[in-house]
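Colleague: So the protein lines, in turn, are chains A and B.
Numbers 1 to 441, taken from my numbering, label the letters of the first sequence in order.
Numbers 442 to 882, taken from my numbering, label the letters of the second sequence in order.
Hints are supplied without guarantee of correctness; some may be wrong.
[Unchecked claim] Label pairs and their calculated CB-CB ranges:
no. : chain 1 : residue 1 : chain 2 : residue 2 : range
1   : B       : T552      : A       : G90       : 38 to 44 Å
2   : B       : A500      : A       : G47       : 25 to 31 Å
3   : A       : G238      : B       : K701      : 48 to 54 Å
4   : B       : A539      : A       : P52       : 50 to 56 Å
5   : B       : A500      : A       : I109      : 49 to 55 Å
6   : B       : N633      : A       : A40       : 32 to 38 Å
7   : A       : G281      : B       : T552      : 40 to 46 Å
8   : B       : P786      : A       : A40       : 27 to 33 Å
9   : A       : D60       : B       : R723      : 22 to 28 Å
10  : B       : P786      : A       : G43       : 28 to 34 Å
11  : B       : A537      : A       : G371      : 55 to 61 Å
For the record, the hints were derived by calculation from the structure and aren't laboratory data.
For each residue, glycine too, the CB sits at the ideal point set by N, CA and C.
There are 2 protein chains.
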Amino acid sequence: MFKRLSRPARICLFCLSTLAASVASAADTPYPDAAASDPAKMGWMVGAPPPPDRIIRFADGSYFKFPAMRWSVSNFRQLMPTTNVSRGLGAPVPLARALRTDIDQLTFIPTGSTEPMTWEQSLAANYTDGIVVLHRGKVVYERYFGVLNPEGEHAAMSVTKSVVGTMGAMLVADGTLDANKKIVDYVPELANSAFATATLRQVLDMTTALKFSEDYADPKAEVWQHAMAGNPLPKPAGYTGPQTYMEYLQTVQPLGEHGKAFGYKTVNSDVLGWVIARVTGRNVAQLLSEKIWQRLGAEQDAYFTVDSIGTPFAGGGFNAGLRDMARFGELMRNDGQYLGQQIVPKAVVDDIRAGGDKAAFAKAGYDQLKGGSYRNMWWVTHNADGAYMARGVYGQRIYIDPKAEMVIVRFASNPIASNSANDPVTIPAFEALAKQLIAHP
Amino acid sequence: MFKRLSRPARICLFCLSTLAASVASAADTPYPDAAASDPAKMGWMVGAPPPPDRIIRFADGSYFKFPAMRWSVSNFRQLMPTTNVSRGLGAPVPLARALRTDIDQLTFIPTGSTEPMTWEQSLAANYTDGIVVLHRGKVVYERYFGVLNPEGEHAAMSVTKSVVGTMGAMLVADGTLDANKKIVDYVPELANSAFATATLRQVLDMTTALKFSEDYADPKAEVWQHAMAGNPLPKPAGYTGPQTYMEYLQTVQPLGEHGKAFGYKTVNSDVLGWVIARVTGRNVAQLLSEKIWQRLGAEQDAYFTVDSIGTPFAGGGFNAGLRDMARFGELMRNDGQYLGQQIVPKAVVDDIRAGGDKAAFAKAGYDQLKGGSYRNMWWVTHNADGAYMARGVYGQRIYIDPKAEMVIVRFASNPIASNSANDPVTIPAFEALAKQLIAHP
Numbered sequence: 001m002f003k004r005l006s007r008p009a010r011i012c013l014f015c016l017s018t019l020a021a022s023v024a025s026a027a028d029t030p031y032p033d034a035a036a037s038d039p040a041k042m043g044w045m046v047g048a049p050p051p052p053d054r055i056i057r058f059a060d061g062s063y064f065k066f067p068a069m070r071w072s073v074s075n076f077r078q079l080m081p082t083t084n085v086s087r088g089l090g091a092p093v094p095l096a097r098a099l100r101t102d103i104d105q106l107t108f109i110p111t112g113s114t115e116p117m118t119w120e121q122s123l124a125a126n127y128t129d130g131i132v133v134l135h136r137g138k139v140v141y142e143r144y145f146g147v148l149n150p151e152g153e154h155a156a157m158s159v160t161k162s163v164v165g166t167m168g169a170m171l172v173a174d175g176t177l178d179a180n181k182k183i184v185d186y187v188p189e190l191a192n193s194a195f196a197t198a199t200l201r202q203v204l205d206m207t208t209a210l211k212f213s214e215d216y217a218d219p220k221a222e223v224w225q226h227a228m229a230g231n232p233l234p235k236p237a238g239y240t241g242p243q244t245y246m247e248y249l250q251t252v253q254p255l256g257e258h259g260k261a262f263g264y265k266t267v268n269s270d271v272l273g274w275v276i277a278r279v280t281g282r283n284v285a286q287l288l289s290e291k292i293w294q295r296l297g298a299e300q301d302a303y304f305t306v307d308s309i310g311t312p313f314a315g316g317g318f319n320a321g322l323r324d325m326a327r328f329g330e331l332m333r334n335d336g337q338y339l340g341q342q343i344v345p346k347a348v349v350d351d352i353r354a355g356g357d358k359a360a361f362a363k364a365g366y367d368q369l370k371g372g373s374y375r376n377m378w379w380v381t382h383n384a385d386g387a388y389m390a391r392g393v394y395g396q397r398i399y400i401d402p403k404a405e406m407v408i409v410r411f412a413s414n415p416i417a418s419n420s421a422n423d424p425v426t427i428p429a430f431e432a433l434a435k436q437l438i439a440h441p
Numbered sequence: 442m443f444k445r446l447s448r449p450a451r452i453c454l455f456c457l458s459t460l461a462a463s464v465a466s467a468a469d470t471p472y473p474d475a476a477a478s479d480p481a482k483m484g485w486m487v488g489a490p491p492p493p494d495r496i497i498r499f500a501d502g503s504y505f506k507f508p509a510m511r512w513s514v515s516n517f518r519q520l521m522p523t524t525n526v527s528r529g530l531g532a533p534v535p536l537a538r539a540l541r542t543d544i545d546q547l548t549f550i551p552t553g554s555t556e557p558m559t560w561e562q563s564l565a566a567n568y569t570d571g572i573v574v575l576h577r578g579k580v581v582y583e584r585y586f587g588v589l590n591p592e593g594e595h596a597a598m599s600v601t602k603s604v605v606g607t608m609g610a611m612l613v614a615d616g617t618l619d620a621n622k623k624i625v626d627y628v629p630e631l632a633n634s635a636f637a638t639a640t641l642r643q644v645l646d647m648t649t650a651l652k653f654s655e656d657y658a659d660p661k662a663e664v665w666q667h668a669m670a671g672n673p674l675p676k677p678a679g680y681t682g683p684q685t686y687m688e689y690l691q692t693v694q695p696l697g698e699h700g701k702a703f704g705y706k707t708v709n710s711d712v713l714g715w716v717i718a719r720v721t722g723r724n725v726a727q728l729l730s731e732k733i734w735q736r737l738g739a740e741q742d743a744y745f746t747v748d749s750i751g752t753p754f755a756g757g758g759f760n761a762g763l764r765d766m767a768r769f770g771e772l773m774r775n776d777g778q779y780l781g782q783q784i785v786p787k788a789v790v791d792d793i794r795a796g797g798d799k800a801a802f803a804k805a806g807y808d809q810l811k812g813g814s815y816r817n818m819w820w821v822t823h824n825a826d827g828a829y830m831a832r833g834v835y836g837q838r839i840y841i842d843p844k845a846e847m848v849i850v851r852f853a854s855n856p857i858a859s860n861s862a863n864d865p866v867t868i869p870a871f872e873a874l875a876k877q878l879i880a881h882p
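With the hints as constraints, model all of the structure from the sequences given.
Modeller: Structure representation (structure tokens):
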């Protein structure tokens, strides 16, 4: 019943990029809706043992088939080796709360539709697992669905890239890294790859020109090699390809000229993670704990999935509690300050908000993000509010609207990977809420 | 160089029982000492990538070869799938501190020796990774070595059994379980196994009579089948045996008559975990969080390793922060009370302290624990102080001395699995400290 799209979904743990090519919305698909696919109601992994048709395993790929995937995204630790992002041992600093009752009934028109939809309806339309809205730093809205709860951690998917990109930009800001240097200057092992001639700036903004297809429909697409290399399980008999993320990155070849066009490729984030680890002596999980997570008053440790030699998946392996993601978003909205500390330099936040090369971005053809750009692994809308985003497949999102003084963090398990599937609902909904908060603060 | 004992060590993740047969001490072996095998100095998994001879993997068994094992026991999450034991989201309650300076130079005579040893020397002799001593609930001593620190989690090995046994006894105390009932009454799937005719009490006290050898030197020992069944990795081609812990438990056959002799067999704890999960609808990780870990003011989430269908390894898969283990030990010392709550019924603690069947225990021939007994998966010394213990291979220990009002928790990575290797140092050291605290409170 769900077979048609099961293959792309199955592998997306390892690629987790936005499938710009896909424009289908969930409504056009054979997938059951959010209520029918509710992972709590389906009873995944409940029972001792669970019924055979409710067991989710990593090795057989069942973990990423819809609707089982709706359980998996809240339970990667049960499926794979992971590495911790410690919050430290101090007391969490609770988020202030000022819950509003005017949000659920807010209405908007989804892109391409004529029918209004309420905010509340949008949650199910997007297979939301959890959503928190902060206004001026206070929680004004918070909901959990399915198997996610405030004590849970959820896959951030490619939101990971923005977290890693922020750390990269911080290291540029403090002089540890030079954005104009070539990648090969930091990681000589990449001398025979496309990254040899790319600058760190091009990697941060994904204007590298790489022969790296994330077209899951093509069995020869490079994304499959990347996935196999990063898979922490033993490789199949006879496999002779790269064994790890780092080995794979050395094989990526150029296609065109760096610096001309935006090209959203997960491997850029993996390369950035490698540069960070090489220069700081700490991998992205360790550095994230030290530089940010321990300073947020976070409620929970977060974690990264790892490959067979313990390399955190910088392109998409981050998992965290929803409220802690909200703390991170608020830190960004607040010019890098949080709990009275300047955690991210203001210059880094300003640089992200100012955005990247719009002309380069336009060449990539994101219809729903026209006029946008990409900077330090953040998506910048350049809309009237100056909103910018972290985006991950299946609907993961951090949405920061400076003018509305609003941060939205959402975890979701949409059956369709590409954000183009949920953007027609997501973008108007988030913009409508921003308007409401501006009009009625 | 370390090959001689590498095979037993390699598999002990999955069995983790005390090898009563082994009486060798580390001093008799070819192993490097604690300083020479310091996992921080060895640089395991440091570098991007780490040097080939410093990479530790799960699949190839390198993770449990000494001295790599000294890193692995603090990093199981990086090696395997795990399931969380949430501490909740509240503020940790710091342990009160009253550090003493009279402990390091305390002397004692190791069993079988004539040379005195200082407490400080005992730490290295036992390959200690971390140790906390509480006196009257306050931290009087705390040390970390190698790659463990207060923010880390360490494998508890068979200390897990005492944690699970405590939960089992709690469920007996509140009437959820009946200790006189047969295991098959709770888990009908065990009808054709040795457990069919065993009572829950016999399982809790390990007086079952099972054809289950934990003799690692014997390739046909049942412990290997148990290990293979519980291994979360895909099974080798052609493997037709049990796929999970639960499937394996159904194959365990009787050997002798239940109730006559103590027989320390890991599978009893796995069966108890299954009974708990079946009756409560929550696995041991979920129940531990709910019943205990969320009520301790714990600093960190803990976790269990899991098999391929997510079953927590109740016989030895628990990992936690050292201070949180100390909180758990103090809870037991304090008649089940902690932070003003009665978390474990006093009757359960009294029952453990009173101990099990001494005659049955004597038949098992633990030379260094003469006069002892085993109750609800705790080791009871019946010494003058009424001390009782949780014990795990490679030196894991919770030692509770009611008379001295002392709790010692220790994580270690002794090259020799059996506690009989470290008991000659451990037991006199702990008893000497108890005397000191009684004499000079």
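Colleague: Would you mind marking each hint as holding or not holding in the structure?
Modeller: We went through each hint and held it up to the structure:
Take T552 (chain B) and G90 (chain A): their Cβ atoms lie about 42 Å apart, and the range 38 to 44 Å holds. The hint said 25 to 31 Å for the Cβ distance between A500 (chain B) and G47 (chain A), and at roughly 29 Å that hint holds. Roughly 53 Å separates the CB atoms of G238 (chain A) and K701 (chain B), a value that falls within the hinted 48 to 54 Å. Checked against the hint of 50 to 56 Å, the pair A539 (chain B) and P52 (chain A) passes, with Cβ atoms roughly 55 Å apart.
Range check, A500 (chain B) to I109 (chain A): about 52 Å between beta-carbon atoms, so the 49 to 55 Å window is met. Remark: the range hint 32 to 38 Å for N633 (chain B) to A40 (chain A) is upheld by a beta-carbon distance near 34 Å. For G281 (chain A) paired with T552 (chain B), a C-beta distance near 44 Å keeps the hint of 40 to 46 Å intact. For the pair P786 (chain B) and A40 (chain A), the supplied restraint of 27 to 33 Å holds, since their beta-carbon distance comes to about 32 Å.
Between D60 (chain A) and R723 (chain B) the C-beta distance comes to about 26 Å, which sits within the given range of 22 to 28 Å. Between P786 (chain B) and G43 (chain A) the CB atoms are about 32 Å apart, so this pair conforms to the stated range of 28 to 34 Å. One distance hint, 55 to 61 Å for the beta-carbon pair A537 (chain B) and G371 (chain A), holds here, with the actual separation near 59 Å.
Violated hints: none; the structure is consistent with every hint.
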